[in-house]
Amino acid sequence: MPKELFVDPRATRRKGSLAFAEVPVHAYDTPFAEERGRRGDGALKEMLRHMLVVREFETMLGTFKATGAYAGMPFVYKGPAHLSIGQEGAAVGAALALRPEDHIFGSHRGHGEFIAKGLSAVAALAPAELIRVMEAHEGGALLRTVETFIGGGDEKAIAENFLLFGLLAEIFMRANGFNGGMGGSMHAFCLPLGIYPNNAIVGASAGIATGAALYKKLARSGGIAVANSGDGATATGPVWEAMTFASMAQYDRLWGEEKGGLPVLFFFTNNFYAMGGQTIGETAGWERLARIGAAANPSSLHAETIDGTNPLAVADAVARKREILLSGRGPALLDVECYRLSGHSTTDANAYRTREELAAWQEQDPITLFAAQLREAGILDAAGEQAMRDGVAEQIRKVTAAAIDPAAAPPVNVEADPILIGKLMFSNREAEPGPADPALAVAAEASSRVRQNLKKSRFGLSEAGEKLSPMRAITIRDALFEALLHHFIHDPSLIAYGEECRDWGGAFGVYRGLADVLPHHRLFNSPIAEAAIVATAVGYAMEGGRAVVELMYGDFIGRAGDEIFNQMAKWQAMSAGALKMPVVLRTSVGSKYGAQHSQDWTGLITHIPGLKVIYPATPYDAKGLLASALASDDPTVFFESQRLYDTTEMFHPGGVPADYYRLPVGVPDIKRAGSDVTILTIGPSLYPALAAAEQLQKDYDVSAEIIDARSLVPFDYDVVLKSVKKTHRILLVTEASERGSFAMTLAANIGRFGFKDLEAAPRVLGSPNWIVPGAEMESTYFPQAGDIIDVVCGELIPEKKVNRRGIRDWDDIALARRAL
Amino acid sequence: MADIPLVMPQLGVDIEEGQIDSWLKQVGDRVEKGEQIAMVTTPKVNLELEAPASGTLKEITVPADEIARVGDTLAIIAAD
Ligand SMILES: Cc1ncc(C[n+]2csc(CCOP(=O)(O)OP(=O)(O)O)c2C)c(N)n1
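One line per chain: the protein sequences are A and B, in this order.
Going letter by letter, the first sequence gives residues 1 to 820 in our numbering.
Going letter by letter, the second sequence gives residues 1001 to 1080 in our numbering.
Calculated from the structure, these hints are not laboratory results.
Please read these numbers as outputs of a predicted model, since none were measured by experiment.
No false leads were mixed into what you were given.
Far from chain B, by Cβ distances over 10 Å, these chain A residues were calculated:
| no. | residue |
| --- | --- |
| 1 | Arg320 |
| 2 | Gly343 |
| 3 | Arg559 |
| 4 | Asp716 |
Label-pair ranges, simulated between beta-carbon atoms:
| no. | chain 1 | residue 1 | chain 2 | residue 2 | range |
| --- | --- | --- | --- | --- | --- |
| 5 | B | Val1070 | A | Met777 | 27 to 33 Å |
| 6 | A | Glu466 | B | Leu1024 | 31 to 37 Å |
| 7 | A | Pro714 | B | Val1007 | 49 to 55 Å |
| 8 | B | Val1007 | A | Met777 | 34 to 40 Å |
| 9 | A | Pro714 | B | Val1070 | 42 to 48 Å |
| 10 | B | Lys1033 | A | Ala21 | 44 to 50 Å |
In silico DMTMM-like links for lysine to aspartate or glutamate, alpha-carbon gap of 25 Å or less:
| no. | chain 1 | residue 1 | chain 2 | residue 2 |
| --- | --- | --- | --- | --- |
| 11 | A | Lys65 | A | Asp390 |
| 12 | A | Lys592 | B | Glu1017 |
| 13 | A | Lys592 | B | Asp1014 |
| 14 | A | Lys3 | B | Asp1021 |
| 15 | A | Lys722 | A | Asp701 |
| 16 | A | Lys592 | B | Glu1016 |
| 17 | A | Lys3 | B | Glu1048 |
| 18 | A | Lys78 | A | Asp348 |
| 19 | B | Lys1025 | A | Glu4 |
| 20 | B | Lys1025 | A | Asp516 |
| 21 | B | Lys1025 | A | Glu445 |
| 22 | A | Lys455 | B | Glu1017 |
| 23 | A | Lys801 | A | Glu759 |
Ideal Cβ positions, reconstructed from N, Cα and C, are used throughout, including at glycine.
Make the full structure from the sequences, and use the hints.
Below you can see the structure in the form of structure tokens.
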């Protein structure tokens, strides 16, 4: 909707037809002699050796899985083995064209890409740099282990063994694997060599790599991001969303000085199968994978189909695409055809393909073909090749022997520290905001939103005690804006995006005025692509940036399910703390728009280990807690109630401080002191609870203490348990459907921790387990003050003998039987 | 030459007030009917106000940054 882009009906309604940028298929025809002249015999021999290393490594894993032993060494490996035998040409060819500063993000079938990229980085880095990298990893402990148990010779040889051992120990989930044994086969990575996380969720790396490319572009940190996926991944929504996000026109049209496309290469290792589903002819309609590039943008993503059995063709294509990306004309796509000679996994019975097909592709084995080429050209004779094969076999044997030796690769000892894994979930680090960006600070002062806020009262009541309108006092919307603005001015890596974030000011006006202050690249409209919104934030954070992204309604969380549940939440622990995840996901809880726009899904989010969850109900809390979330290196989901955006401050003396401050995440807050019953509220339930408390006092002489949870994860029970010690009764109020809600978790724990102080079981009052009805019926759904009074007087304090049951006069046990 | 008032329009069902963000025209300026002459904000949105008639902006009754209620006169235009 930017006004500088005019939608001209005369131009748009003109007759015409679309032409698509041509998509070359197997265009590579560089004579081998020319490659030889350019690269030299040594480099060509190294390509063969790298392919052999990948082949032998995968063969070793496959042999362990199939026979329980390899090279005479018995060992039981329990984990997955998605082998890439037959695909070595694609992995090694690509790695040849990549530099250490290029970052690959991969799939479940990532060992080959990992090894190839690592070997290429080892070859490219100076010996002193390699030593620095190895010494920096775990204080040099892994390097020492490699020197002691494997050895190798010069720095490069040691570094290769470091690479292979770190990977294999990780696959075997050993404590000194590259990721502390927390990642394993499908998730291994090694950042200093440019090997970023592999992903067990098909297609998930596409969005993450896109976010990494966004960081590379904005931070000018160099290199490109490569999203490695299989052909099956082309069917997934997140891959399409990533390509949509990566090819937005605004990078060229609206980003001014930051003009230029994202440096991301969508690299599809197309082995024609997705497990047993055949993409060509059965499960996809594209016929040629590269065709999907044509859907994305006028350049067809510079897509090409290339021959993955020939590493030189792959290296040539990746080098050309890299140039395109580095000159700001990305993104790009490669369809790299090759064949998986091994099964999908070790349980694959090959029921979906014929022996004839396998035999035909055995003849196209990239290693056999390339070795033959070297032989024919007189670069490597049969004896030389055999010596190379023997050397590789010996290298893998030594690495394997060490990786199965508990003295070299000890198992993760959870028994010795039962919460070892728990301690990896969060870093609990907060980054202090840096110095102010003077230009932004000046622009902010001049912005109308800041001027308006300056004129507003910081407290919600006038001196005469009258309630001020949201035009005259700071609201939650303003408080959130203030925290965001401060962080934007003090943290140059912070970016914000989501749907309608820029000109519209965020769907609910939180960002209103920010577009006057921030350039496009720091605040922009994303496509309607919730999965990409979150996945790119994850990738941006993995590279070292900080992102605050918005899902317009909490109801859309499902559209970014994997990205929130598996990516944002898990990478800190899956990297054993090597990665941080400074992502704030803001999402609003709606009302009045019915079943798909009004649901409180805090229960879903709090259920996921690895996310911090905040749900403020007052401006003071909103500002201080958002500031903490924006400073935190941990991923945070920040819920905001649409009904509360206009709420002014009624609790904090002096109102919302104009200056910057942070509030501790995880500490509930007593909003009203009382002695007869505790009411613990989540989000907007605070307000009906306060109304109920007034009436309870007036009509029933019951003194209610009200505690606002403020944060759900983490949660400090002490505040609540102290209150219960005094009141002996507790009611928890939430707008979420009761079943599986976070209030239920709190209630169960309070019942356990506070058992001796309680005179009644903790009671949860939430919304019923059915759809949120339309605005007219909402009061029958979300707990109201009357419902709270009913429960307090009818159930928790029966001696009040109050029998008034409102609309919720139903039998919960009978409802449960009816699935309600 | 009739005086035509520019009034704060209904900004939304629940919205009673709006704030003048800025005046795009000054007193004495010529304005055309439909031309944008002021920016108004509510808690949620920014919007533009258009001149209700062609003529001269004769008087601004609610200066920038002030809050006005729906229906209040914000300015007077001396129409042609
Ligand atoms: C979202 C998701 N769906 C399904 C799976 C199970 N799965 C793992 S690999 C795979 C096939 C993927 O095929 P492709 O992308 O072509 O890669 P390939 O296995 O051929 O390397 C499937 C269905 C998964 N891991 N993630």
